[in-house]
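Trainee: If you're matching them up, the sequences are chains F and C in order. Residues in the first sequence are numbered from 1 upward in steps of one, following the working numbering. Residues in the second sequence are numbered from 325 upward in steps of one, following the working numbering.
No wet-lab data here; the hints were simulated from the structure. Quick caveat: nothing in here was measured; it's all calculated off a predicted structure. One should not assume that every hint holds.
What the hints assert, rightly or not - Below, a list of computed lysine to aspartate or glutamate pairs in the EDC-like style, where the Cα atoms sit at most 16 Å apart:
| no. | chain 1 | residue 1 | chain 2 | residue 2 |
| --- | --- | --- | --- | --- |
| 1 | F | K60 | F | E261 |
| 2 | F | K97 | F | E78 |
| 3 | C | K384 | C | D357 |
| 4 | F | K283 | C | D357 |
| 5 | C | K384 | C | E344 |
| 6 | F | K283 | F | E294 |
| 7 | F | K45 | F | E16 |
| 8 | C | K362 | C | E434 |
| 9 | C | K362 | C | D422 |
| 10 | F | K302 | C | D422 |
| 11 | F | K97 | F | D146 |
| 12 | C | K380 | F | D312 |
| 13 | F | K302 | C | E374 |
| 14 | C | K362 | C | E444 |
| 15 | F | K45 | F | D104 |
| 16 | F | K97 | F | D21 |
| 17 | C | K340 | C | E444 |
| 18 | F | K60 | F | E168 |
| 19 | F | K283 | F | E192 |
| 20 | F | K60 | C | D417 |
| 21 | F | K302 | C | D353 |
| 22 | F | K302 | C | E426 |
| 23 | F | K277 | F | E261 |
| 24 | C | K380 | C | D417 |
| 25 | F | K277 | F | D312 |
| 26 | F | K60 | C | E444 |
| 27 | F | K302 | C | E434 |
Stated by the list, open to error - Pulled from the structure, derived: some chain C residues nowhere near chain F, Cβ distances all over 10 Å:
| no. | residue |
| --- | --- |
| 28 | D357 |
| 29 | D377 |
| 30 | Q379 |
| 31 | A383 |
| 32 | G394 |
| 33 | V424 |
Note that CB positions come from ideal geometry on N, CA and C, so glycine has one too.
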Amino acid sequence: MITIRYGRRHFEPGPEESVLDCLERGGVAIPSGCRAGSCQTCLMKATAGLPPADAQRGLKDCLKLGNHFLACICHPTENLEVALPEETQGVTPATVKQLELLNDDIMQVALECHQPIEYRPGQFINLFRDPGLGRSYSIASVPGADSHLHLHVRRLPNGRVSGWIHDELRTGQTVEVRGPAGDCFYVPGRPERPLLLIGTGSGLAPLYGIIRDALLRGHTGPIRLFHGSRNRGGLYLTGELQELTRQHSNFDYVPCISGDEIPPGHVAGRAEAVALKEVPSLKGWRIFLCGHPEMVRSATRKAYLAGASLQDIYADAFNVNQAA
Amino acid sequence: MSEKQSMAAWWDSRHKSLYERLGGEGAVDAAVDIFYRKVLGDDRINRFFEGVDVQKQAAKQKAFLTFAFGGPNNYTGTDMRTAHARLVQAGLDDSHFDAVMEHLGATMQELNVPGDLIAEAAAIAESTRSDVLGR
Chain F
1 MITIRYGRRH
11 FEPGPEESVL
21 DCLERGGVAI
31 PSGCRAGSCQ
41 TCLMKATAGL
51 PPADAQRGLK
61 DCLKLGNHFL
71 ACICHPTENL
81 EVALPEETQG
91 VTPATVKQLE
101 LLNDDIMQVA
111 LECHQPIEYR
121 PGQFINLFRD
131 PGLGRSYSIA
141 SVPGADSHLH
151 LHVRRLPNGR
161 VSGWIHDELR
171 TGQTVEVRGP
181 AGDCFYVPGR
191 PERPLLLIGT
201 GSGLAPLYGI
211 IRDALLRGHT
221 GPIRLFHGSR
231 NRGGLYLTGE
241 LQELTRQHSN
251 FDYVPCISGD
261 EIPPGHVAGR
271 AEAVALKEVP
281 SLKGWRIFLC
291 GHPEMVRSAT
301 RKAYLAGASL
311 QDIYADAFNV
321 NQAA
Chain C
325 MSEKQSMAAW
335 WDSRHKSLYE
345 RLGGEGAVDA
355 AVDIFYRKVL
365 GDDRINRFFE
375 GVDVQKQAAK
385 QKAFLTFAFG
395 GPNNYTGTDM
405 RTAHARLVQA
415 GLDDSHFDAV
425 MEHLGATMQE
435 LNVPGDLIAE
445 AAAIAESTRS
455 DVLGR
């Protein structure tokens, strides 16, 4: 008899019963929609046991890797522990080990989580200034290669958390971290496929993690990074990125400036425009887009129109929290 | 006409649903990618998709194609009517519906779907015209 564990309770699905039907019968409200495996509203995650492959139909690679599945079409073949995706993030205190300005606006925060969290570079965590006041920051570090978890925090005008991080936070202090979450990360398995990464501002953080993750895992296909800012001051890690291009012949870095002053070695234009001009056909490419929501939205559409499959476009829009 | 089919094969070809004959969900997945790209690239109709989240809309296109291919769906006439009401107010008309039908046909041709199945799917899609255009 197969059992499903959700929270503290156990459920036994009937012979033809899906996980969704079973949990609902037991009084658990799971978000659902089409109940036919299309809309993905009933997305859940198996924290123990493996969901059957046909319950992962249509999911992006990264979600399959993370044992996500669609509850409405899941007929488990082994015992499972399941949770809603957002319920699987643990909260842990973390000590600030280092604070370093990478440019005038961007602070690298190095954290040591008291309980190590398993993450993939490119995912994000929520960092809490107070129990009620937290913000999402993408992870730029690579487990194993970096000793701590790295975030790149851009100072926002009147930023209640970013301002605090830049002006008040000190090394040795403890913060609360929840996560990781997000599906913007490198999925191994096709080392020869071309990768296109486009970022603006601190959108470089997840991309920097993804690029190094890919290279460390032996990615051989082209990896092309286009990082853009209004002016040169908005770029950062330029030295490190250029060093990476010297060490890896398949990695290419193009710093883009959308403003008026184009220093030597930089290309004029918005990062997405420059990228799409340099790589006009994106069929077969995996694309990572991180940073300004407008860029992410527009680049998603353009990349798709240029031939990229929607399943291959990983977008992480850095939305600014508007609450005063 | 080729050699005699077995009774079972003849029965299947007459009684399998259009959706199964088209190739089920695999066919829909292949079709969405091509179909939606054609729609978004068409200046006659892409203004109706401005500001729309491409990934979310693709899920809706998949649901529509599943329906058009005679597959499992929860669509009602009212759903189609409400979903397009705002667009009708913004000027959605027969010419736009025709353009989308064009892309549906072209997509199926690109996927080498036999003409008779294309006609069946087109007929299903065509049946939504009044609801989509709020008539």
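Trainee: Taking the hints in turn, state whether each one holds.
Mentor: Outcome of the hint check:
Distance hint between F:K60 and F:E261 is unfulfilled; the C-alpha atoms sit about 40 Å from each other, more than 16 Å. For the proposed pair F:K97 and F:E78, the alpha carbon gap of about 43 Å is over 16 Å, so the pair is violated. Proximity of C:K384 to C:D357 is assessed by CA-CA distance (about 12 Å); at most 16 Å being required, the pair is judged to hold. Taking the CA atoms of F:K283 and C:D357, the gap is near 11 Å; set against the 16 Å cutoff, the hint holds.
This hinted pair does not check out: C:K384 and C:E344 have alpha carbons roughly 20 Å apart, beyond 16 Å. Only pairs whose Cα atoms come within 16 Å are accepted, and F:K283 paired with F:E294 is rejected, the gap being roughly 23 Å. Taking the CA atoms of F:K45 and F:E16, the gap is near 20 Å; set against the 16 Å cutoff, the hint is violated. With a C-alpha separation of about 12 Å, the suggested pair C:K362 and C:E434 falls inside the 16 Å cut-off, and the hint holds.
Taking the CA atoms of C:K362 and C:D422, the gap is near 13 Å; set against the 16 Å cutoff, the hint holds. At roughly 24 Å between alpha-carbon atoms, F:K302 and C:D422 are farther apart than 16 Å, so this suggested pair is violated. With a C-alpha separation of about 12 Å, the suggested pair F:K97 and F:D146 falls inside the 16 Å cut-off, and the hint holds. Our distance criterion of 16 Å between C-alpha atoms is met by C:K380 and F:D312, whose separation comes to about 14 Å.
A distance of roughly 12 Å separates the Cα atoms of F:K302 and C:E374; the hinted pair therefore holds under the 16 Å criterion. For the hint linking C:K362 to C:E444, the alpha-carbon distance of about 21 Å lies beyond 16 Å, and the restraint is violated. Under the criterion of a C-alpha separation no larger than 16 Å, the hint pairing F:K45 with F:D104 is inconsistent with the structure, at around 40 Å. Only pairs whose Cα atoms come within 16 Å are accepted, and F:K97 paired with F:D21 is rejected, the gap being roughly 47 Å.
Between C:K340 and C:E444 the CA atoms are separated by roughly 13 Å; this keeps the pair inside 16 Å, and the hint holds. Pair hint F:K60 plus F:E168 does not hold up; C-alpha atoms about 40 Å apart against a cutoff of 16 Å. Distance check on the hinted pair: F:K283 and F:E192 sit about 14 Å apart at the alpha-carbon level, within 16 Å; holds. With a CA separation close to 35 Å, the supplied pair F:K60 and C:D417 exceeds the 16 Å bound.
Distance restraint check for F:K302 and C:D353: the Cα-Cα separation of roughly 20 Å exceeds the 16 Å cut-off, and the hinted pair is therefore not satisfied. Our distance criterion of 16 Å between C-alpha atoms is broken by F:K302 and C:E426, whose separation comes to about 22 Å. Restraint check: the Cα-Cα separation between F:K277 and F:E261 comes to about 20 Å, which exceeds 16 Å; the hinted pair is violated. Between the alpha carbons of C:K380 and C:D417 the distance comes to roughly 24 Å, so the proposed pair goes past 16 Å and is violated.
For the suggested pair F:K277 and F:D312, the alpha carbons sit about 19 Å apart, so the restraint of at most 16 Å is broken. At roughly 31 Å between alpha-carbon atoms, F:K60 and C:E444 are farther apart than 16 Å, so this suggested pair is violated. Of the supplied pair hints, the one linking F:K302 and C:E434 is violated, its CA atoms being roughly 22 Å apart against a limit of 16 Å. Its closest Cβ contact with chain F, about 6 Å, brings C:D357 to no more than 10 Å, contrary to its assignment away from the interface.
Its beta-carbon lying about 7 Å from the closest one in chain F, C:D377 breaks the requirement of being farther than 10 Å from that chain. Not every CB of chain F lies more than 10 Å from the CB of C:Q379, the least distance being 6 Å, so the non-interface label is violated. Under the 10 Å C-beta cut-off, the non-interface status given to C:A383 relative to chain F is violated; the minimum distance is some 6 Å. Every Cβ of chain F is farther than 10 Å from the Cβ of C:G394; the closest lies at roughly 14 Å, confirming the non-interface assignment.
Against the 10 Å criterion, C:V424 stays outside the reach of chain F, whose nearest CB is about 17 Å from its own CB.
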